[in-house]
Amino acid sequence: MRWTAIKIARAGITMWLVVTFVFFVLRISGDPTDMLLPDDIDQATRDFYRRLWGLDQPLLTQYWSYLMALVQGDFGISFRNNLDAYDLVMERVPKTLLLTGTALIISLAIGIPLGILAALYRDSWLDRGVMAVAVFGFSMPNFFLGILLILVFSLQLRVLPSSGSGTWAHLIMPAATLGISFAAQFARYTRSSMIDVLSKPYMRTARSKGAGPGRRVTLHAVPNASVPIVTILGFKIGELIGGAVITETVFAWPGIGRLLTTAVGSRDLAVVQCIMILLALTMVTANAITDLIYGWIDPRVRVGAGATQK
Amino acid sequence: MSSQDMIEGRRWAPVRLLAGTPFGVILAAAFMAVMVFVMIFAKVLQPYAFDYINLLARLAPPVPLSGSTWAHPAGTDTLGRDLMSRLLVGTQTSMLLALLGTCLGAVLGIALGFLAAHKGRLWDEIIMGLVDFQAAMPWFIVALAVLAFLGNSMVIFVAIMALYGWETYARITRGLVLSAREQGYAAAVRGLGARARWVYLRHILPNIAGPLLVQLTVNFPSTILFETSLSFLGLGIRPPMTSLGQMLGEGRDYLINAWWLAVVPGLTIFLITLSMSILGDWLRSKLDPSLED
Numbered sequence: 001m002r003w004t005a006i007k008i009a010r011a012g013i014t015m016w017l018v019v020t021f022v023f024f025v026l027r028i029s030g031d032p033t034d035m036l037l038p039d040d041i042d043q044a045t046r047d048f049y050r051r052l053w054g055l056d057q058p059l060l061t062q063y064w065s066y067l068m069a070l071v072q073g074d075f076g077i078s079f080r081n082n083l084d085a086y087d088l089v090m091e092r093v094p095k096t097l098l099l100t101g102t103a104l105i106i107s108l109a110i111g112i113p114l115g116i117l118a119a120l121y122r123d124s125w126l127d128r129g130v131m132a133v134a135v136f137g138f139s140m141p142n143f144f145l146g147i148l149l150i151l152v153f154s155l156q157l158r159v160l161p162s163s164g165s166g167t168w169a170h171l172i173m174p175a176a177t178l179g180i181s182f183a184a185q186f187a188r189y190t191r192s193s194m195i196d197v198l199s200k201p202y203m204r205t206a207r208s209k210g211a212g213p214g215r216r217v218t219l220h221a222v223p224n225a226s227v228p229i230v231t232i233l234g235f236k237i238g239e240l241i242g243g244a245v246i247t248e249t250v251f252a253w254p255g256i257g258r259l260l261t262t263a264v265g266s267r268d269l270a271v272v273q274c275i276m277i278l279l280a281l282t283m284v285t286a287n288a289i290t291d292l293i294y295g296w297i298d299p300r301v302r303v304g305a306g307a308t309q310k
Numbered sequence: 001m002s003s004q005d006m007i008e009g010r011r012w013a014p015v016r017l018l019a020g021t022p023f024g025v026i027l028a029a030a031f032m033a034v035m036v037f038v039m040i041f042a043k044v045l046q047p048y049a050f051d052y053i054n055l056l057a058r059l060a061p062p063v064p065l066s067g068s069t070w071a072h073p074a075g076t077d078t079l080g081r082d083l084m085s086r087l088l089v090g091t092q093t094s095m096l097l098a099l100l101g102t103c104l105g106a107v108l109g110i111a112l113g114f115l116a117a118h119k120g121r122l123w124d125e126i127i128m129g130l131v132d133f134q135a136a137m138p139w140f141i142v143a144l145a146v147l148a149f150l151g152n153s154m155v156i157f158v159a160i161m162a163l164y165g166w167e168t169y170a171r172i173t174r175g176l177v178l179s180a181r182e183q184g185y186a187a188a189v190r191g192l193g194a195r196a197r198w199v200y201l202r203h204i205l206p207n208i209a210g211p212l213l214v215q216l217t218v219n220f221p222s223t224i225l226f227e228t229s230l231s232f233l234g235l236g237i238r239p240p241m242t243s244l245g246q247m248l249g250e251g252r253d254y255l256i257n258a259w260w261l262a263v264v265p266g267l268t269i270f271l272i273t274l275s276m277s278i279l280g281d282w283l284r285s286k287l288d289p290s291l292e293d
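Chains A and B supply the protein sequences, listed in that same order. According to our numbering, the residues represented by the first sequence are 1 to 310, in order. According to our numbering, the residues represented by the second sequence are 1 to 293, in order.
Heads up, some of the hints might be wrong.
[What the hints assert, rightly or not] List of simulated lysine-lysine pairs, DSS-like, C-alpha gap at most 25 Å:
no., chain 1, residue 1, chain 2, residue 2
1, A, Lys7, B, Lys119
2, B, Lys119, A, Lys200
3, A, Lys7, A, Lys236
4, A, Lys95, A, Lys236
For the record, the hints were derived by calculation from the structure and aren't laboratory data.
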């Protein structure tokens with residue numbers, strides 16, 4: 001119970017740090033009215049907008065009202081088109097979830113079986129082949145992979161659309177671009193986790209009980225090997241989102257990433273702020289949940305937490 | 001002298017070093033050696049000034065393709081700038097930034113890791129809290145926003161790159177120091193009356209350098225991808241300067257009629273990350289077999 005409370009309190013503090021960081025970094029970058037309004041505008045109009053957006057208040061007052069607004073779920077108004085920043089972002093969420101979800105499923109569906117096979121046939125040509133492909137896979141920058149796919153499948157063969165998101169055909173290349181490096185990473189993690197598990201005494205016990213090889217792998221090895229993979233999955237969410245920004249830009253996929261690059265380009269403070277906070281919230285929540293699940297599966301973690309604070 | 005030494009002793013030292021090293025690793029090391037050479041001498045090697053515009057020689061393809069000339073072996077871009085020169089200078093920028101970012105991040109993380117392990121209690125809590133905070137920030141997105149809002153400053157860019165990944169070093173260092181401190185040698189030196197800083201720098205640091213070096217190699221490819229991704233999106237390195245990511249970002253608009261503008265820098269980035277990953281894996285298996293994956 002105490003352990004759970006500590007974990008949740010830590011997640012809360014982390015979130016507060018993120019929110020504060022985002023506020024100060026984006027505010028010290030200068031007066032948004034300088035960037036948004038034309039240079040030759042008269043001072044009265046400028047002052048009007050500064051009052052409208054609360055920019056005439058002292059920084060700490062702004063920070064306080066910003067915090068209070070956040071607590072109530074108010075992320076402010078987009079400077080560009082006067083729409084609610086939160087609504088603008090939420091409108092794009094389904095597209096990004098579709099892309100990252102598909103990419104994640106592809107990467108797990110490819111990475112985990114390959115990792116298991118590589119571990120079972122350790123040091124065979126299969127293992128070496130899979131690991132060599134994996135190194136290529138995760139060394140490939142996704143912006144370059146995306147461009148290569150467009151060159152081959154859109155411009156040479158003309159079988160897949162290079163941008164947009166109307167049909168299933170539009171999803172294939174972006175999801176593959178985002179998924180491949182993760183598939184390679186999951187193959188490596190699964191392999192080393194499986195190798196670790198296969199050498200454990202309980203595997204020998206299972207064998208001496210007379211369990212067949214299929215049963216040993218599916219019922220004894222894989223469930224145990226999956227525990228570290230779950231933890232890694234939590235940590236990979238940040239990378240997945242960063243990759244989505246690039247992939248969405250390359251393929252003009254209308255998700256959060258593309259909204260972010262356009263909002264950053266037009267200095268739309270509220271939208272950028274909203275995206276950063278929501279992403280951080282997703283990551284903090286995901287990490288806290290992974291921690292809690294992990295501690296729940298494996299009670300040793302809870303005992304150790306007080307002493308060493310991993 | 002044992003018979004093993006007799007056999008080994010006859011071979012020339014570098015050959016002995018290479019024997020038993022996988023071919024892929026040698027290839028990767030050779031490629032990285034070339035990249036480091038380019039990083040140092042790019043400005044001397046460039047056949048033209050990398051930003052010299054020659055509108056009469058626009059969009060020449062690289063050599064094996066039809067219409068290419070030996071005057072521009074790697075071709076030219078839309079402004080007629082020599083691609084070979086741009087590639088050399090772009091590689092220099094990307095390599096320097098990645099090296100600087102990796103090293104600064106490592107120094108910061110290692111120092112904070114030592115501090116957390118040494119001071120314990122409140123310091124430990126604060127530093128580990130910062131580690132959690134850093135791990136919870138989508139740093140690539142933070143970098144994007146900060147660069148867009150704070151503008152095109154080299155100092156800010158390098159600072160952001162240095163802050164990328166420091167938390168991994170801090171976490172590893174802290175864990176290693178805590179376990180090293182319990183071992184006999186550290187206690188022995190302390191017992192002899194050595195001061196804490198001396199014990200850390202002279203005795204513990206050399207003993208934990210292996211895993212940290214491995215982490216440095218593992219971190220380098222992601223740092224170079226960090227820089228090239230930001231420059232690709234038009235933040236980070238911007239014209240008139242150039243980097244591999246910036247070249248790729250520019251080339252993306254000409255895929256239909258000049259695919260090599262994007263493919264050549266992209267391939268260079270890929271080969272650098274690939275070589276460093278291969279070297280990192282090899283180094284890990286050599287230095288610290290327990291850390292395998």
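Here's how the hints hold up against the structure:
Using a Cα cut-off of 25 Å, the hinted pair lysine 7 of chain A and lysine 119 of chain B holds, with the two alpha carbons roughly 23 Å apart. A threshold of 25 Å between alpha carbons decides the hint, and for lysine 119 of chain B with lysine 200 of chain A the separation of about 37 Å lies outside it, so the pair is violated. For a cut-off of 25 Å, the pair hint linking lysine 7 of chain A to lysine 236 of chain A stands: about 19 Å separates their Cα positions. The suggested pairing of lysine 95 of chain A with lysine 236 of chain A holds, with an alpha-carbon distance near 19 Å, which does not exceed 25 Å.
Hint 2 alone, counting from the list given before, is not met by this structure.
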